[in-house]
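So the protein sequences, as listed, match chains X and S.
The letter at position 66 of the first sequence is residue 66 when you use my numbering, and the numbering goes up by one with no holes.
Position in the second sequence (from 1) plus 118 gives the number in my numbering.
These aren't lab readings, by the way, just hints derived from the structure by calculation.
A portion of the hints provided could be inaccurate.
As the list claims (entries may be wrong) - Pairs of lysine-lysine residues, derived as DSS-like cross-links and limited to a Cα-Cα distance of at most 25 angstroms, are as follows:
#, chain 1, residue 1, chain 2, residue 2
1, S, K279, X, K101
2, S, K295, S, K279
3, S, K295, X, K94
Said to hold, decoys possible - If we take Cβ atoms under 7 angstroms as the criterion, some of the chain X residues that face chain S in the derived model are:
#, residue
4, L6
5, L10
6, L46
7, L65
8, I66
9, Q70
10, A87
11, V91
12, T114
Bear in mind the structure is a predicted one, so any value in this text is a computation, not a measurement.
For each residue, glycine too, the CB sits at the ideal point set by N, CA and C.
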Amino acid sequence: MHELSLCEALISTVRRQLATRPEYAGRRIKSLKVTIGALSGCEPDLLARMFPHASPGTVAEGAELIVDFQSARVACEACGTERDVAANLLVCPKCGDQGVKLVAGDEVLLTGLTLAEA
Amino acid sequence: MCLECGCGLPYSPSARQRRKETAAPAPSQETILAVHESLLGANDEVADKNREKFNQHGILAINLMSSPGTGKTFLLETLIPLLPLRCGVVVGDLETDNDARRIARTGAKAIQITTGQACHLDASMVAGALSQFDLGELDVLFIENVGNLVCPASFDLGEAKRIALLSVCEGDDKPAKYPTLFHKADLMLITKADLLPHLPQFSPENAEGYLRKLANHSPCLTISSLQPETLTPLIEWITQTHAALKPSHQWKAV
Ligand SMILES: Nc1nc2c(ncn2[C@@H]2O[C@H](COP(=O)(O)OP(=O)(O)OP(=O)(O)O)[C@@H](O)[C@H]2O)c(=O)[nH]1
Ligand SMILES: [Mg+2]
Ligand SMILES: [Zn+2]
Ligand SMILES: [Zn+2]
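Produce the complete structure using the sequences and hints provided.
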């Protein structure tokens, strides 16, 4: 399980993002939003449970972690269908073709930060 | 559509420019910032540097992933003496350097990474091991990952190819249970085929069928490290891949 190290990666990503926005220096982070894909190898519940243990003493101290789950989503090159599918059934749900592109579902992303009023 | 990563999010250079121009809002209100950054970005940067090094030296780097005991080390012990290429090995385990010592007996240089608590290799562990090789002397670098079907799949090491192994003792539905690892495999190996007569419940066809359901058309080979003749198609795959050496493991840009 590497959810704890992902929490640490999340916190350094936040730190990096804030460093590029000096105009918000000193504002407390109220919440963080992440997107976890079904094929990312990261367990959303575990990440949410680990976060309160990883955040104290960091920029993210006291912040709420909001986890959005993203299903595996494929686009079929044969028939053009784009749809969410089960993580272990990635062929085209319409025509059954294997020529699909995974358009979402393997990501572990920081997608948003909410800063508290100063 | 965002030009940087194709994600469709409002994070294009022009959007970023707009964000810079707007002054910070009155500090009395809550501020919501849209971001789009992978948490694996730091690992991926190091992986790209590893990949660049492999490319520079014409090295085919292969990441071997499976559950514990599938036969990764025994395969390398049998395969390396049969390969007409200069091989090196990086091997990760939670504890002990047993595997590196076993592989070193083939004459190939083997570096053990003892990961302690970490359940997978990451790109910087591999980068550290690379400094111990003379890369000009290598054609193929095998990276034997920690035995684990979950975590290794998420970490790009800079490899050109990923091999997922599955032994006939494990059940043929592993690709359905661990799609994260199997859907990105460039080759699936069904190992310990010499035991098939004792395991009629394992069907190599079913295992391959589950791989196909992951929309993965990579080849699937059935081998036994106790029967070196079964390794011939694998040897061909490696030599041909090395000869072509167009690193094709394209990680989705985020
Ligand atoms: N019968 C048979 N046994 C095998 C074969 N390959 C490996 N084994 C045995 O399976 C056991 C585990 O093999 P290893 O090569 O150590 O497996 P591994 O995947 O490297 O294991 P970890 O590094 O612990 O993840 C050993 O006792 C091997 O001798 C095979 O093709 N046939
Ligand atoms: Mg081993
Ligand atoms: Zn892990
Ligand atoms: Zn289709």
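*Hint check: 7 angstroms Cβ-Cβ cutoff, A87 of chain X to chain S*: 5 angstroms, holds
*25 angstroms Cα cutoff - pair K295 of chain S, K279 of chain S*: 22 angstroms, holds
_Per-residue hint verdict: I66 of chain X, partner chain S, C-beta under 7 angstroms_ = 12 angstroms, violated
*asked:* Does the closest beta carbon of chain S sit nearer than 7 angstroms to the beta carbon of Q70 of chain X?
replied: 12 angstroms, violated
*Hint status (Cβ of L6 of chain X to nearest Cβ of chain S, threshold 7 angstroms)*: With a closest approach of 6 angstroms, the L6 of chain X hint holds.
_Would the hint on L65 of chain X be counted as holding, given a Cβ-Cβ threshold of 7 angstroms to chain S?_
12 angstroms, violated
*Hint consistency between K279 of chain S and K101 of chain X [alpha-carbon to alpha-carbon, up to 25 angstroms]*: 19 angstroms, holds
*Per the CB criterion, is L46 of chain X less than 7 angstroms away from chain S?*
11 angstroms, violated
_Hint validation: T114 of chain X versus chain S, beta carbon distance must be below 7 angstroms. Holds or violated?_
5 angstroms, holds
*Given the proposed pairing of K295 of chain S with K94 of chain X, does the C-alpha separation stay at or below 25 angstroms?*
Judged against 25 angstroms, a Cα distance of about 23 angstroms means the pair holds.
_Would the hint on V91 of chain X be counted as holding, given a Cβ-Cβ threshold of 7 angstroms to chain S?_
5 angstroms, holds
_Cut-off 7 angstroms, beta-carbon criterion: hint that L10 of chain X touches chain S_ = Hint holds; L10 of chain X Cβ to chain S Cβ min 5 angstroms, cut 7 angstroms.
Checked against the numbered hints given earlier, this structure breaks hints 6, 7, 8 and 9; the rest are met.
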